[in-house]
Every structure is written in C-alpha cells, then in structure tokens.
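In order, the protein sequence lines correspond to chains W and A.
Under this note's numbering, the residue at position 1411 of the first sequence is numbered 1937, and the numbers go up by one with no gaps.
Under this note's numbering, the residue at position 245 of the second sequence is numbered 250, and the numbers go up by one with no gaps.
Please note: incorrect hints may appear among the correct ones.
Some but not every residue of chain W turned toward chain A, in silico, with C-beta under 10 Å [as the list claims (entries may be wrong)]:
{"no.": "1", "residue": "R682"}
{"no.": "2", "residue": "D907"}
{"no.": "3", "residue": "I959"}
In silico DMTMM-like cross-links for lysine to aspartate or glutamate, where the CA-CA straight-line distance does not exceed 20 Å [what the hints assert, rightly or not]:
{"no.": "4", "chain 1": "A", "residue 1": "K168", "chain 2": "W", "residue 2": "D863"}
{"no.": "5", "chain 1": "W", "residue 1": "K1291", "chain 2": "W", "residue 2": "E1486"}
{"no.": "6", "chain 1": "W", "residue 1": "K765", "chain 2": "W", "residue 2": "E746"}
{"no.": "7", "chain 1": "A", "residue 1": "K246", "chain 2": "A", "residue 2": "D260"}
{"no.": "8", "chain 1": "A", "residue 1": "K43", "chain 2": "W", "residue 2": "D907"}
{"no.": "9", "chain 1": "A", "residue 1": "K179", "chain 2": "A", "residue 2": "D159"}
{"no.": "10", "chain 1": "A", "residue 1": "K35", "chain 2": "W", "residue 2": "D907"}
{"no.": "11", "chain 1": "A", "residue 1": "K35", "chain 2": "W", "residue 2": "E815"}
{"no.": "12", "chain 1": "W", "residue 1": "K1665", "chain 2": "W", "residue 2": "E1720"}
{"no.": "13", "chain 1": "A", "residue 1": "K335", "chain 2": "W", "residue 2": "E1646"}
{"no.": "14", "chain 1": "A", "residue 1": "K335", "chain 2": "A", "residue 2": "E88"}
{"no.": "15", "chain 1": "A", "residue 1": "K246", "chain 2": "A", "residue 2": "E197"}
{"no.": "16", "chain 1": "A", "residue 1": "K85", "chain 2": "W", "residue 2": "D1693"}
{"no.": "17", "chain 1": "A", "residue 1": "K293", "chain 2": "A", "residue 2": "D90"}
{"no.": "18", "chain 1": "A", "residue 1": "K36", "chain 2": "W", "residue 2": "D907"}
{"no.": "19", "chain 1": "A", "residue 1": "K36", "chain 2": "W", "residue 2": "E914"}
{"no.": "20", "chain 1": "A", "residue 1": "K160", "chain 2": "A", "residue 2": "E256"}
{"no.": "21", "chain 1": "A", "residue 1": "K35", "chain 2": "W", "residue 2": "D916"}
{"no.": "22", "chain 1": "A", "residue 1": "K43", "chain 2": "W", "residue 2": "E1646"}
{"no.": "23", "chain 1": "A", "residue 1": "K179", "chain 2": "A", "residue 2": "D202"}
{"no.": "24", "chain 1": "W", "residue 1": "K719", "chain 2": "W", "residue 2": "D642"}
{"no.": "25", "chain 1": "A", "residue 1": "K179", "chain 2": "A", "residue 2": "E252"}
{"no.": "26", "chain 1": "A", "residue 1": "K293", "chain 2": "A", "residue 2": "E128"}
{"no.": "27", "chain 1": "W", "residue 1": "K1521", "chain 2": "W", "residue 2": "E815"}
{"no.": "28", "chain 1": "A", "residue 1": "K36", "chain 2": "W", "residue 2": "D916"}
{"no.": "29", "chain 1": "A", "residue 1": "K335", "chain 2": "A", "residue 2": "D90"}
{"no.": "30", "chain 1": "W", "residue 1": "K580", "chain 2": "W", "residue 2": "D642"}
{"no.": "31", "chain 1": "A", "residue 1": "K43", "chain 2": "W", "residue 2": "D916"}
{"no.": "32", "chain 1": "W", "residue 1": "K1514", "chain 2": "W", "residue 2": "E1486"}
{"no.": "33", "chain 1": "W", "residue 1": "K577", "chain 2": "W", "residue 2": "D642"}
{"no.": "34", "chain 1": "A", "residue 1": "K285", "chain 2": "W", "residue 2": "E785"}
Treat the hints as calculated values from the structure; they're not laboratory data.
Using N, Cα and C, we set each Cβ at its ideal position, and we do this for glycine too.
Spelled out from the first residue to the last, the chains are:
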Amino acid sequence: MARESGEAGALKSCEVRKRTKRKSKKESKSRVVRAGGAQEPHKRYANNKIKTTKYTLLSFLPKNLFEQFHRFANVYFVFIALLNFVPVVKAFQPVLALAPVIFILSVTAIKDLWEDYRRHRSDTEINHMDCLVYCQSQRRYVEKYWKQVRVGDFVRLRCNEILPADVLLLSSSDPDGLCHIETATLDGESNLKQRQVVRRFLDLDCEFDPSKYDSVIECEKPNNDLGRFRGYIIHRNGKRDGLNKDNLLLRGCTIRNTEEAVGIVIYAGHETKSMLNNNGPRYKRSKLERQMNIDVFWCVIILLVMCLFSAIGHGLWMFQYGETRPVFDVLSPGGTDLSPALSAVYLFLTMIIVFQVLIPISLFVSIEIVKICQVYIIHQDVELYDEETDSHLQCRALNITEDLGQMQYIFSDKTGTLTENKMVFRRCAVAGIEYSHDANARRLAMYQELDSEEEDCTSHGGTLPRRDSTGSHQSARVVLRSQSTKSHRRTGSRAEAKRASILSKHTAFSSPMEKDVTPDPQLLDKVNDCASQMEFMRLHAQPLAQLPSELSDIIDFFVALAICNTVVVSSPNQPRQKVRMRFELKSPVKTIEDFIKRFTPSRLTSGSNSSSSSSLATRSSAPRAGSSLLSSPSTEGTLLRLEEEKSPGPLEGSFRPVPPHSASEEAELRYEAESPDEAALVYAARAYKCALVGRLPDQVTVELPHLGKLTFELLHTLGFDSTRKRMSVVVRHPLTDEITVYTKGADSVIMDLLRPPTSDDTKGKRQRKTLYKTQNYLNLYAANGLRTLCIAKKVLSKEDYAAWLKSHLAAETTIQGREELLFESALRLETDLQLLGATGIEDRLQDGVPETIASLRKAGLQIWVLTGDKQETAINIAYACKLLDPEEEIITLNADSQEACAVLLEESLHYIRSKFLCDAPEQATRAPQDDPSSLPVLVHRLGLVIDGRTLAYALDRSLEDRFLAVARSCRSVLCCRSTPLQKSMVVKLVRNKLKVMTLAIGDGANDVSMIQVADVGVGISGQEGMQAVMASDFALPRFQYLQKLLLVHGHWCYSRLANMILYFFYKNAMFVALIFWYQFYCGFSGSAMIDQWFLIFFNLMFSAFPQLITGTLDKDVSAETLQDRPQLYMSGQNSEEYKPYMFWMNMIDAFYQSLVCFFIPYFAYSDSDVDLFTWGTPITSLALFTILLHLGIETKTWTWLNWASIAFSVALFLTIALCYNASCPSCYPPSNPYWTIQRQLANPLFYLLCLITPVAALLPRYFYRACQGTLFPGPVQLGRQLDRLPPEARRSALGQTKVTGGHHFASQPPLYHIPGFFCNHGAEGYKKREASTDSAKEGVGLSGGTATAEGGWGPDAKRSGLPPEVDTLLYLQGDASDGRSYANAAVAPSGFSLADRATPPPPFTQHECVPLTTAATCVQSAPGGEGLGLPPSTATRPEGRTADSLETTLL
Amino acid sequence: MMASGYSAKEEDGHHPGASGATGSGVAKSKKPDNTAFKQQRLPAWQPILTAGTVLPAFFVIGLIFIPIGIGLYVTSNNIKEFEIDYTGADMSSPCFNCSQGPSWNSTWPCHCSIAFTLDQPFESNVFMYYGLSNFYQNHRRYVKSRDDSQLNGDKSSLRNPSKECEPYRTSDNKPIAPCGAIANSLFNDTLELFYIDPNGTRTQIPLMKKGIAWWTDKHVKFRNPGGTNLNLSMVFQGTAKPVNWHEPVYELDTDPENNGFINEDFIVWMRTAALPTFRKLYRIIQKKSNMTPTLPRGNYTLDVTYNYPVLSFEGRKRMILSTISWMGGKNPFLGLAYITVGSVCFFLGVVLLIIHHKYGNRNNSADIPN
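Construct all of the structure, not just a fragment, from the sequences and the given hints.
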C-alpha cells in the first residue's frame, strides 16, 4: 500500500487513506470517477441539471394543498366547511361555506405558484449556461449547456468563467500549475485563492490531453463541507496520488488570473458542495405573529366558551318545555325526537360553524397581503437606494417586516459593515518624523464631502419634483468636481469610482480612493533627495552605507512597505497573467557599479520559466547561475518599458529618472492582496515611486526612483499570524547585499521587539527619541481611529542567518510540535529590530455610521460589535464610530483560562452592582414606577471589550449567565477576535437568554452564521460577495440605511401590522358577538339574523379593503419625525401598539359595540312586526358602519385611498345587498331575504338607526382617544403633534426638546448621580484594593510584561483626547514613577468627587464602588483627569482621560 | 476568518455563480420611482384626537341628536295603541275555557269574546295586529323549514317539496302543500271587532284582509302553482294539507286573489318574526272619512275564534290596535335613545372642554422625552 512513502508524513497520510479505503469498502462510502461522462457508474450520479422548484405541473395541486394543510388554521377552516355538509348541524348552504376556504387556499396557491415559477425560470437560466466540455467522439471541446455536464466530463474553463460543477483541477495554463479562483459567491471572500493541479499532472510537459487520461479517481461521497475534500487518483501504472481540497474547484466560484484550466467533473448538480449547502429558506415567524397566535388561541377559547354556553343554553331551553314540544321546535329531519342533551351537542357543532368568523380566516391572508405591500413599499423607498452600487434594499424575507420595528439588540460586524473595508493609507511617521499627508487627508475628505453632498441632494426636498432637480444638481456637481480635483490623476466621485469598480468584472480590489495616495511633499522631497544622493554616490562609487541614516531609513521604509507582504501583481490588460520578471542573480551585488553591471539592459533576455515554487529555503543558499531572464509572457507595458530602457546608453539609461508617463503605466499594475491593508501600503509606497512591479515565489521586484528596478531575492517569508501579530520577509538586499529582515506588525508587538538603545551616546539618545516620538504618533493615529502598523528592519550577518536558517529548517521538518517550533524560530528572528517608521491606515467608516449608531442607540437599541479584528483596531473603530464614548468607562476582559474568566466576570459584576447601588437611591426618586426586577437591566455608561479567547470561556455554560449580566448592563459591547461560530453563539445566547429581539448585520461570509441565528439578519450588499446577502432577510447597500429601515419602516410596519391585527380581532369579535346576543332571543338555536351571505362575505369583502389600505399605508408619525426622534422607536420595542391587555381591551370594546349595535335595533324594533332579515339587515349595515368608523378612529393618516376604500366598502355592501335581495325570490334557502334591503332603504327608521348606533358604539373609544391625546399622550402621539406643526415651529421644537429631560423613559439611566454614603464606601474600596494588589498578582497570575505592553499601547491611552504631547508626558511620567504616587492618587477621588458632586454634577463624573472582597481586582479610576495607576503590572498605563476607566486585565 | 458555520441559503435556489447573469436590467437603473405613492407622500389628512380637536364634534352631535330625539319621542307619543291579551291563561279571562281545550288537532271551534274600552278615538287608519309572545319563530330549524320554490308556484316542488320541510314534507305519502313547520303552525285564530254603541248595538267593524302583506311577497315571491285562473282545488290535487290545518290551502279564503299560497294571512305568517315576542299585521281598519274617527272612543268587543294553542309553551296571544306614523308603530325607545346619546355627548363635550382648558396647552410643544 505505502509504496511511495519515503517520508513519515506521507506514510501517515497513506494510513489515513488506507483507513478510508477500508471504510469505503465496507459502507461503499466513496465515489469512483473515470473519464467520460456517459459511463456506467456515472449514470448513478446526479447530472448537472439543477431543479430547485417544489412542484411540477401535475404535482402542484396535491402537493400544494398538502403543504397548505400543514397550517393548522387551514385545516380548521376546512373542517368547519365540511362540518357544514352534515345535515344535523349545518348552518349555511354547504357550498357557500366552502367559498372562503377555497378563496384563501387559492390565494396562497397562486402565490406559491408564482414563486415556484420564478425559481423555475432561474433554474432554466442556470441550466442553460454554456461551458466547454470535452467530447470523446469529436476529440475536442464543444460548447454544452451546464445541465449536460456529467460526472467524469472534462471541462475547459477560461478566465472569469464560473465553474459549472465541482471540478478536479488537472491542468492549468499557469506554469506553476496554479489556478486562482474567487470564492466570493461561496464564502464572500473576495481575495483570490490558489488551487493546485493534481501533482502528477503538474509534471506533464505537454498540454493536458483528455483522450490520454485514463486514471481513476476515488473520492468521498458528496457532502456539504466546503473545506474538505479527500480522495486519491489511481494512475494506470497503479500509482496513487492523494487529493485534497486544494485540487478541487467548487461550483459557483470564478476562475481568475488563469487563462485556462482543465478539470474533470467530480460532483455535479445537486451533489456539488455549493448546492448541498443550499438549505431552503428558513421560515421565520415574527414576534408579532407569535403574539398574535396566542391571541388566536384565546379567540378559540372564547369561541368554545361561546359555543358551550349556547349549547347549554339550548339544552336548558329545550328542557324547560318538557315532553310537550312547541310547534316552533321542529323535529330533526329524520322525524326523530331529539333529547335536549343530544340537541345541545349538535348545537355545539352548529355554533362552531356560525361563530367561525371569530377565528379570522382572512387574517392570515390579509397579513400576508399587507406584508407583501409593505415589502414593496420598503423596496421602493428611494432613500434606501444607493446610487453608487445601483442597488437598493432587498427584502428577502417577506414575513418579518414588522420585526424590524421591535429590535432590541443589534449585532454588527465591523469590517465592511461599519467601515468601508477599504484601507486607505493616511499618514506615516518615518524615523521619528511625522508626515501628516495633509493633501492626502484633504483628498479623502473631499471624497467624503462629495458623498455627503450627494446624499443631501437625494435625501432632502421630499415634496419637490425631485427627479429633475437631482439630475441637474448632479451634472452641475460633476463639472465642479472635475475642476476641483484636477491635481489628481483620476477624477470623479467615489461613487463613480465605486460603480466602475463594481461593474468591472475583475473585481477591482481598490478604488481610486485607495490607489491614489497623494504624497506628502516633505517626504517626497526627502525621497527625491535620497535618490539624488544615491545617484551622486553612484557617480562617486561610494558605498551606500554612507547614506544619512534618516534617508536610508526612508528608503528602507518604502522598500519594506513594498515587499513585506504577499501582494500579487497583475496587469489589467491581461489580468489572467501574473507579471513576471525573473532576474537570475549571479552573485551578490556589492557596489553600485556591480549593480549597474548586472542590470544593463543588454543582458535582459526573455525566456521561459518553469521553475516551481516549492521550497524557498533551499534555493536561497545557492543562487542559481545563469543569465537573467525575463519571464514570458510578460505584459506589453513591461516590455515596452524595457525596450525604452534599452535605447539609452548602458549606464545612464538604467538610472534615468522615471519618465513622467511611467506613472500612468504603474497605475496599470494591479495589486491583489490578501488583506486590504497590504494593498494600501503597497499603493502608498508606489506613490513615492517605490513601486512593487513583480513578485515571484523567490523574488520581488521593486522599482525605485533613479535606481530603476531592483530585484530582491526573497529568502524567507514568515507569514502573518494572529499570535505573533506580525509578518516578516527575509531578503537579500540588492544594493547592500545584506540579508535584511523587514518586519511589519502591530505596534504593540513590534515595540517590544526593538533593539533597546544600547548606549547613552547621541545615537542612543536619538534612537530613544525616535522611539518615543513614533510611539507618540502611533497613539495619535490610534486616537484618530487609524489602523497602526510598525515597520522595522534588521540586518543579519550571513553567519547569523545561516545559523537561524539551520534551526528553522530543522523546525520545519519536525513532526511533533512543529507549530511551536516554527513560532519560536520566528521569534528568534524577529528580535533586535530597528524601527523604521509607523503607518496609519484608515479603514474608512462608511458614511453616516456614527450618526446612525447614535440615533439607533437613542432609539433604545443595544449595539454590540462582533469583529474578527484585533482588539486595538476594534476599539479604535468603536471610538471612531461613536460606539464607545471617550467619557465612558471600559471594562476589558482578557482572560487566559476559564477560572480567570470567571473571576473577571465576577469582579465586573460586583463592580457594576456596587456602582448600581450608588445609582439606586436616585433611581428610586426619579423613577418610582420602576419595579426592582427591571432595575438590573439598566444600562450604565459602560463599555465592555472582550476578546475571542475570553469570549470562548465566557460563553461556557457555567459562565454565560454572568457574562450576560455584565454585558447587558453595558452600553456597548465589543467582541474582538471572535470567530464566526462565536458570533453566532453570542447572538444565540442573547436571543435565548434575554428573550430579546436581535438583529445581526454583516457583510461577509464570517457573518453568515450570526445572520442566520438572529431574529432578523441583515446583509450588507457591499464588496464582500453575496454570501451574507444570501443568508440575510434584508440586504442593505450601506450600513447607514439601517437607520431608516429600522426607525421608519420598522416602526411603520410594526405599528401598521399591530394595529391591523388588533383591529381584526376586534372586528370579528364584534361581528360574531352580534349573533351571540341573538342566541338569547332565539332559544339558543343557532339562528342568525344576519344573512348567511353577509355573514360569510362580511370579512372577506365588505370590510376587507379599508383595513388593507390602512395596514399598508398608515403612517402614525412622519418619516422625518421618526428619524429626528429615534426615541419613538421604543414604542415598538416595548410592543406598545400591541400589548396583551390590548387584545382584551379590544375584545371588551368589541363586545360593548356589538351590544350597542344589537340592542339599539332590538329595542327599536321590539314587539313589532319585523321579520328576521328585515331586522338583521340593518344590524349588518350598522355593524359595517361601526366597524369602518372604528377603523377611521384608528387611522392616523387619511389619504384619498382611505376615503376611497371606505366608500368602496359601503358601496360594495349596498350593491351586493341590493342585487342579492332583488335577484331571486326563492333561491338561497334557508334564507329568503327578497326585497329586504330595498324596503329598509325606504324606511326612515333605518337611517335613524344608522345615525345613532355607530355614534353610541364608538363614543367611548372616541372619548378615550381624545382624553389620551390630551392627558397622557404617548411619545408617538407627541410625535404626531410634532408633525402637525409648521416646518419652522417644528424645527424649533426639535431643537428645544433636545434639552428637555428624559423623565419619561426610565430605561435610560441617569448619566450622573448624587453623592451618597456609597461614595465613601467606594473610596474605602480603593484603599482596600490597593492593599490587595499583591495578592491579586499572584492569585490570578498577572503577567507583568505583557500587561505593560498592552497598557502602554492600549487603546484607552490613545483615546485620551488630549494633545499628543501631553499624552506622552503622562506616559513618560507613568513610566518613570513608582507605585507610591498612585497610592496618593488613589485617595484623591473620594474628596474630589464629593466636592464635585455637591453642585449639580457634570454628566460624566463618576465614582467607583468596588467590592471589598475581591481578591484580584485591578480597577483603576481617574476622575477629572487625575492620573491614577494601579499595581506595577498595570502602572505604565497612561491615564489621561477625563473620565473614569475600569480596566480589568488578566493575561 | 473563514466561515466555519458555513451554510448557504438561497431563497430562490439559484446558483450563486449565476447571480451576475440573472441581473438582466444592467443598463436600467434600479432606482425606484420617485412618485408620491411609492414614497408614501400622498397628500394626507392627519387628524389628531385631542380634547381640543374632538370637542366640537361632541357638541355638534349633542346639538343634533337632542332635537331629533325630542321629535321622535313626540311622534311616537302621538301614536295611539291599544293592546289586549286574550290568551285566557287567567281564570277570570273569558277565553279561559277555550285556552284549556284546544290542541292542534282538535276541530272543535271555541268562541270567546272580550270586551274592552278605547279611551281615545283612533283617528287615522288603524292597524290590527295579533301578537304572540314566547313564540320562537326565529328558531333555526323552524326558520328553514319551508320550501320557497314551492311557495313560488314551482310545480315540481309542489309534488316533491324540499328536504328542508322535513318532517312536515309528506303526509300519507302525499306531499304537503305548503310544506314545512312554518306553514304547519299557521296562526288560525279568527278575530272580529265589534263596536258597542252607547245604546248597546253591536256594529261589526269592517276589517280589510288585503294589503297586509308586502307587495313583493304577494306578487313575486308567493305564487300559486299554475297561474291564477285555474281552479285551485285542481291544482293542489294530490297534495296533503299541513297536519295542523283544518282545511287545505285552497280553502283559506273564498277570494281567488287571496287564496292558496297568496293568501295574505299566510304570507304574513310565513315572514318569520325576528324576536320571540312579535306582532303580525292581521287586518287594517280603513279610515272612512275625515269627519269621524276610524275607531271612536267607546266600548268594543273582540270576538275570538280560539284555535291556536299557546299555553303549552307559555305563550301569550294579544290583539293590538295601533295607528302608525312615518316611523312605524309606537316605540318611544328611539327618541329616548337619541336624547340620551345626545345628552351624553354634550356632557362629554363639557368634560373635554374642561380637560382641554386645564391640560390642553400643556404639551403643545410636543416634548418627546429624549
């Protein structure tokens, strides 16, 4: 078996294979694929035709009915309709009773049919896409439809084609046997992924020929695991090659950067991994619907009670007559005498039929109709339309619109959701000098301005004829823009650029905004200076080392920016090819002369390159001899430039300054990076003429000003990982021939790895100064919300390198503990670094994010950010988007173990509780209505930051309650470094434990699980592919639209639907109760004075339209006010429109109204010669008028549609009644309403009744509403009043009321508190804690060193808000001073705070009440800017904040 | 940061890769139309219910309703009505003997006469009703126990009445005409009214038996089978009379225009009453001239041919004499209701006025708490 096993690893894998083989034999759990799609075994496998439709023409009716009957309500209604066919109990004409049920069923069926047809159409479209399939008979590739592809077929894929099936890669045009694919549609990641040709086919010299293929593939059965593929390929000679996921191209991915690839189809159609991942849409039930179902249940109870009551009544009624049957008590049809008991039983069933209207059969259909209309209207909102991407909001879930109005928690992704996910180089510091790149900042600001200008245009002027005005505005602005941005190479708004980038099929990774970096003139001068000096040195044959250190640092800095990454260079003209330039290095370059010699253009020859990139380390020690090669095929542009370089003389030519037009050529190069940060840095370097022009596995080429192209031999790449938080490249510098390590990484780690200034001489001082300055700038960058990176270098001696390499190679070949060894090896290399500089990259916030967050928060929404980013970045962004407030305390939870986490949580809880105790007395006075149970939910001005590791502990079952208790009392929660699974776990935890409505918003594949778990999932249809959108219920183009979606549409949808549901219950109850009252006057015989037609069609037709109009269009408060006053959203959160008691209030009102509608005609006609239907028809009309007027009272906005619908309802009723009553004198048994309504309309009594009854019925509700509007108006009503004010008054009211206090909302805690004895208690706590710090250190194991680093570069320091100078000063002080000064400071707060709080305190002064008992507290506080540090472990933390901070850190 | 919990969800089930191909309208902007309807900016009236705004409505309703109510009340009070119970449940009643005897199948006619006095003269047309109490003509099984097409003159229904008529569908294997429980329980008392002159002579008051049913009933809904000119006994040959009836349907009256199914007493009875206590128009006493009242003040005798048993279900029988106005018979309820509702509205209006005065200006600035 293990034939070719030479290595231990291979042996191991062979064993694995053996095991799977054995297993496969046993359970036949493998699939065998041979060439040729038509062969026998392949017929068993699914072909590539996909069918996602549910029905066929034949199966539609039975299947659809079957599905519909899964809904309990439908079964119920059918049951009732069928009950009507039983003679003893029947109440109506049986066929008539079927009508509503059939109507309801057919409406749903038509909807299903339409949806299925849409699916069918999209299936057909996909099935008929073309691809090239190898035809065995014709011996060439022929075009076929996707659906004709079979397992075992060879498919040829060209660049930018979409894979039709899961394909095993057998050949690629790429010389290295690679194939790049974009998996954005699968997992949302837009960076390119490499796939490899199966090893044996890689070594083929000639092109792959399918006809010669005769291997057999055995692989696992289809499964839905995207990250796994196992199998092996057996060649004719019996040899086997293992297959893994790197050989498999998945259906749905797109081929990129590879001209052509050939593969064999392994899985097709529904067996592909992407299709197996297609779970059907999740049926979500909205909260409102859940609540409604409870009330439907109550309706059933009421119905049963009413029926039971009637049945008993009937039994008693019959019983009272005894043996003598009165004439009107007719025998049963069989002529048999019914006993009272049996009669009662029959009557019970009859009553269920008669009262069936109480269970609103049309409610479900009406709700669906209204929701579809609501979705349509949301869809049409022009303010949710993003012109940049030409996309608007998509509602993918049709049945949870109203949930949008009830959200309580928002879980947001950060990158791409809050931010644009566009990294823009913003500023840098080199060698301790800051280059602020003001022009760059201005340029960026301009993009933003243009954006906001654009928004202004689209969002204002609602009543204006906007289309024309917008158009003219835009064109005007475009002119303006092109004038103002002449200085840039590309002009145009970000909008245009973005649209261009999205429209281009090649998924441009960077928009002009990211690509164009405006260089800082100062720095550019220096670079030029440096270049000219180098030129000077070249002339004088001086070694480069004599360059002034600052200048060399600058050059090194940019070289590091350009090469210390994994960016792939491609050319857009032929995007399928990498730009390759391979220079073979003969010997190390020692001097400039040497360098020149080597790079004279005459030596540039072109040739092919077929080397593989397997091992970098081995080649590095032995540079290959040979002529320098320029790999083919290279881009035309490159060739052109090379030719240009050829023409001048050999010496001058190569050092000729870069011609001006080359800039545009450079611009043509496309950088494809794994992370946008890297690309941003490369673009930044390019702006300084230090352009990365090519990258190969073993070398990178950089074009430098004056120096031309330099090729760095790439000796080693130590990739980025999250524990090291840095990456390094080891190169041989072509100019100095030194082995240089360039390291790029998080400032917190790099700063620790720097070589400490050795001496106190000037150099050392300078170094230290540089260090401090750089740190200072880093803090400043972070404070501005920039992502900071430090760039450092290190020069290795050859011996050192050789020694390191040896150990590293040893580490690489180890089997056990390889990761750790490699990690240690990397650590050995990345020490004693020399700081070059720091960069600040801006991950631009999306427009309006801080405003959106602020207003969502005002709306009472808790916002949690769950991000995979590192803590520092996340906190920075959180500050930038106002998620965290500088004045807020932040609890940071970083724990190393379960126990530490538990302790931390316990402490935080204690801390919050003690703080809460301080708040409590005031709470009691301010909001006495608050019961104690609701108090712990109060949200403090606290921020919680937790990292992924701690989160993992905190999410443990034992700790989750405590974690939640801490988290829910914090105003904002930030989870960093969280995995997708953790994200979903957090959402699930909050949703299930707190029983709140959750919304998850994200844009990438890593948010999918979270989006699916949340009650409402929102996807950002941004750049990161469609995965999140696919999983979402709503897809938004931008985060800021969430504000309108929730605050306006959510509120509207909720209040509309809530009111409609309540109205439905009312309406049906009121109507049914009329018949119920009548039972008292007809011997509980189940008789109805309302004609059966009216009874059945009342809901379905007469009273249906106005409520649909109201349910679709009613606006309780205008959109403007809702957005101005996010607080109004709380009415939805608290379900104020539809509280459980409201159902009963409505029921009571319904019963009252029906009493009025029944008894006024009753007394008006009592003891008269009125007959059944002559009496019943006015009652029906009265009920209709009352019901419509009731709706009128509840309607907040009357448009012509409301009027029309009400008029239509009345007209419809009268028309139908008139026609029906005139049509046939003897039809429609058992009722005989001939000419009834006609006579009634001629009767003045009818009109008198119509006048008084609705008035009397609606009087209480009308009066109540009026009183409510005056005496205790809710916020929504106040909002409505605000709407009514004229615009100016409104504006002033809006401005004014910002001041008026929040006494209505106790849920918003006071931001300050009055001093009490607790405060003293708190001060004592400090002392105690001071004393306990030592034990804390030992008890939980604070790791001092790391804590220092963390603290030193901690985000809280960066957020000081003070000028950087001061910040540094404090920092230095903190560094130098010893623990005693902090002890003094610790006593200070009590006195300070007491004095301070005697007066009305400023909002943010706070104090701590720290528990006395905790062993491992490290709470620190610095009120009013007092520096207060804690135990030595955290003493270096700069405390420059004006507010308190709580920092519990355990590492 | 790969999605570990990867699970693709596609509602439409189409392949993600094809999403680019499905976007057909690439050139067309997806920007929604900026119309008033789609942007929900239709011109609208937004009434706000506060004390101040609602106040006028209450006063207006009050001011309208109270006069209407007074008018109605006065109208109702001007209607003269006289009612006399002739059930004979009391020992003292002249009809006591009759009431004990009859059952549905007794053929023995029982006569009794009740004297009464009208204190006021009845000026205009007087409507004579019989009233039944506790008679559930609205019972569900009773109400539907009829065959409208038979009554409409349909010959096939005459021979083969609807199943709804069970158990009064056939009798002795002959179809019953008219079938059903309603017809079966036809009110069959005969009432005659005599005016007792002060000098003691009895004058029979002429009672109009036509014109008491709805015109549409008499002429459209109820038809004798085979038209009007035929001999009714021929037409109804082969049918049985309802079991409780003393004579077949074609002997209800001698007037061919009032016989058979179009007998107005029958039609009136077939119009089932809405409530268990009801009256049905029996006869009309037409006003003779403007000079003399239709029914002058004085003593009267009601002669009853007592057939209809009601005591078995504790029913009551009444004879009612009433004039009518434009709003029907005497019923003060509606007038009182209008007055009450109007007053309540007025009162609430005052309450709202107070509320508005005290609290109305409190929150006109609409301070939504922050």
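Here's how the hints hold up against the structure:
Interface restraint check: W:R682 against chain A, minimum CB-CB distance 17 Å, threshold 10 Å, status violated. This hint holds: W:D907 has a C-beta 7 Å from the nearest C-beta of chain A, less than the 10 Å allowed. With a cut of 10 Å, the hint placing W:I959 at the interface with chain A is violated, because the nearest CB-to-CB distance is about 35 Å. About 17 Å separates the Cα atoms of A:K168 and W:D863, which keeps this hinted pair within 20 Å; it holds.
Restraint check: the Cα-Cα separation between W:K1291 and W:E1486 comes to about 51 Å, which exceeds 20 Å; the hinted pair is violated. For the hint linking W:K765 to W:E746, the alpha-carbon distance of about 19 Å falls within 20 Å, and the restraint holds. At roughly 19 Å between alpha-carbon atoms, A:K246 and A:D260 fall within 20 Å of each other, so this suggested pair holds. Restraint check for A:K43 and W:D907: the C-alpha separation of about 7 Å stays at or below 20 Å, so the hint holds.
Under the criterion of a C-alpha separation no larger than 20 Å, the hint pairing A:K179 with A:D159 is consistent with the structure, at around 16 Å. Among the hinted pairs, A:K35 with W:D907 is consistent with the structure: their alpha-carbon atoms are about 11 Å apart, no more than 20 Å. Annotation: proposed proximity of A:K35 to W:E815 is violated, straight-line Cα distance about 32 Å (limit 20 Å). The suggested pairing of W:K1665 with W:E1720 holds, with an alpha-carbon distance near 16 Å, which does not exceed 20 Å.
Restraint check for A:K335 and W:E1646: not satisfied, since their Cα atoms lie roughly 58 Å apart, outside the 20 Å limit. Under the criterion of a C-alpha separation no larger than 20 Å, the hint pairing A:K335 with A:E88 is consistent with the structure, at around 12 Å. Using a Cα cut-off of 20 Å, the hinted pair A:K246 and A:E197 is violated, with the two alpha carbons roughly 25 Å apart. Under the criterion of a C-alpha separation no larger than 20 Å, the hint pairing A:K85 with W:D1693 is consistent with the structure, at around 15 Å.
Between the alpha carbons of A:K293 and A:D90 the distance comes to roughly 27 Å, so the proposed pair goes past 20 Å and is violated. Taking the CA atoms of A:K36 and W:D907, the gap is about 9 Å. The hint holds against a cut of 20 Å. Annotation: proposed proximity of A:K36 to W:E914 holds, straight-line Cα distance about 11 Å (limit 20 Å). Restraint check for A:K160 and A:E256: the C-alpha separation of about 19 Å stays at or below 20 Å, so the hint holds.
Between A:K35 and W:D916 the CA atoms are separated by roughly 6 Å; this keeps the pair inside 20 Å, and the hint holds. For a cut-off of 20 Å, the pair hint linking A:K43 to W:E1646 stands: about 16 Å separates their Cα positions. Of the pairs offered as hints, the one joining A:K179 and A:D202 is violated, with about 50 Å between alpha carbons and a cut-off of 20 Å exceeded. Proximity of W:K719 to W:D642 is assessed by CA-CA distance (about 35 Å); at most 20 Å being required, the pair is judged violated.
Taken as a hint, the A:K179 and A:E252 pair is honoured in the structure, with Cα atoms around 16 Å apart against an allowance of 20 Å. The hinted pair formed by A:K293 and A:E128 meets the criterion: a straight-line CA distance of about 10 Å does not exceed 20 Å. About 16 Å separates the Cα atoms of W:K1521 and W:E815, which keeps this hinted pair within 20 Å; it holds. Pair hint A:K36 plus W:D916 holds up; C-alpha atoms about 7 Å apart against a cutoff of 20 Å.
Taking the CA atoms of A:K335 and A:D90, the gap is near 18 Å; set against the 20 Å cutoff, the hint holds. With a C-alpha separation of about 7 Å, the suggested pairing of W:K580 with W:D642 holds against the 20 Å cut-off. The suggested pairing of A:K43 with W:D916 holds, with an alpha-carbon distance near 18 Å, which does not exceed 20 Å. Straight-line distance between C-alpha atoms of W:K1514 and W:E1486 comes to about 11 Å, which keeps the hinted pair within the 20 Å bound.
Annotation: proposed proximity of W:K577 to W:D642 holds, straight-line Cα distance about 11 Å (limit 20 Å). Between A:K285 and W:E785, the direct Cα distance comes to roughly 98 Å. Violation of the 20 Å bound is thereby established for this hinted pair.
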